[in-house]
Structure formats: structure tokens, C-alpha cells
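J.: Counting along the sequence shown from 1, when you hit position 58 you're at 58 in my numbering, and nothing is skipped either side.
Keep in mind that the hints are not guaranteed to be accurate.
As the list claims (entries may be wrong) - With a cut-off of at most 20 Å between alpha-carbon atoms, the simulated EDC-like pairs for lysine to aspartate or glutamate come out as follows:
| id | residue 1 | residue 2 |
| --- | --- | --- |
| 1 | K69 | D23 |
| 2 | K78 | D57 |
| 3 | K8 | D53 |
| 4 | K2 | E50 |
| 5 | K69 | E30 |
| 6 | K7 | E50 |
| 7 | K69 | D37 |
| 8 | K8 | D28 |
| 9 | K78 | E6 |
| 10 | K7 | D65 |
The set of hints was computed from the structure by calculation and includes no laboratory data.
These numbers come from a predicted model, not from an experiment.
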Amino acid sequence: MKAEIEKKIRELLSEVKDGLNYDNTSLDRELGNAGLDSLDVATLLLSVQEHYDVTIDDDDAEQLDTIGKLVDYIAERKAA
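Required output: the full structure, derived from the provided sequences and hints.
T.: Now the structure itself:
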């Protein structure tokens, strides 16, 4: 399940950044260092919430600063 979530988040990242490829970006790389500004991160989080039908509160959103953390967060919510 995590692999599917990771793939989808990478696709959503690519959509947010106009087609840039994030397939080989490390799960530990911070989103800011992957070329996303705060508006891009907000857009990504909104897309993830819509796609997975989950709510990410502001406190959690501040901690979701890598692809890996975002994947883990969604996997935990979808497993519950």
C-alpha cells in the first residue's frame, strides 16, 4: 500500500510543479529542497487531501516536510 501511496504522491508533486519528474527524489529530501515553495506545498497537501479523502490539520502539515513523512502519514490514516 505504501508503494502505491508513494507513486501517487510523486505524481501529484509532478502536477504541482508542471511536469517535473520526482521519481528518483529521495523520500528523505525536504520538499523545500525539492523545488517547492510554501504555495506549492499547500497545493500538494490540498491535492493529497482530496485524492485520499483525509484531513491534514495545520499542526500535522508543518511536520510533513518530506515525501517519506507524507507517505507515512497517509498510510497511517488509510490503514485506520
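J.: A separate judgement is required for each hint: does it hold in the structure or not?
T.: Taking the hints in turn, this is what the structure says about them:
Restraint check for K69 and D23: satisfied, since their Cα atoms lie roughly 16 Å apart, inside the 20 Å limit. Distance hint between K78 and D57 is fulfilled; the C-alpha atoms sit about 16 Å from each other, no more than 20 Å. For the hint pairing K8 with D53, the CA-to-CA distance comes to about 14 Å; that is within 20 Å, so the pair holds. Restraint check for K2 and E50: the C-alpha separation of about 18 Å stays at or below 20 Å, so the hint holds.
Of the supplied pair hints, the one linking K69 and E30 holds, its CA atoms being roughly 10 Å apart against a limit of 20 Å. A threshold of 20 Å between alpha carbons decides the hint, and for K7 with E50 the separation of about 16 Å falls inside it, so the pair holds. Between the alpha carbons of K69 and D37 the distance comes to roughly 17 Å, so the proposed pair stays at or under 20 Å and holds. With a C-alpha separation of about 17 Å, the suggested pair K8 and D28 falls inside the 20 Å cut-off, and the hint holds.
Between K78 and E6, the direct Cα distance comes to roughly 13 Å. Compliance with the 20 Å bound is thereby established for this hinted pair. For the proposed pair K7 and D65, the alpha carbon gap of about 17 Å is at most 20 Å, so the pair holds.
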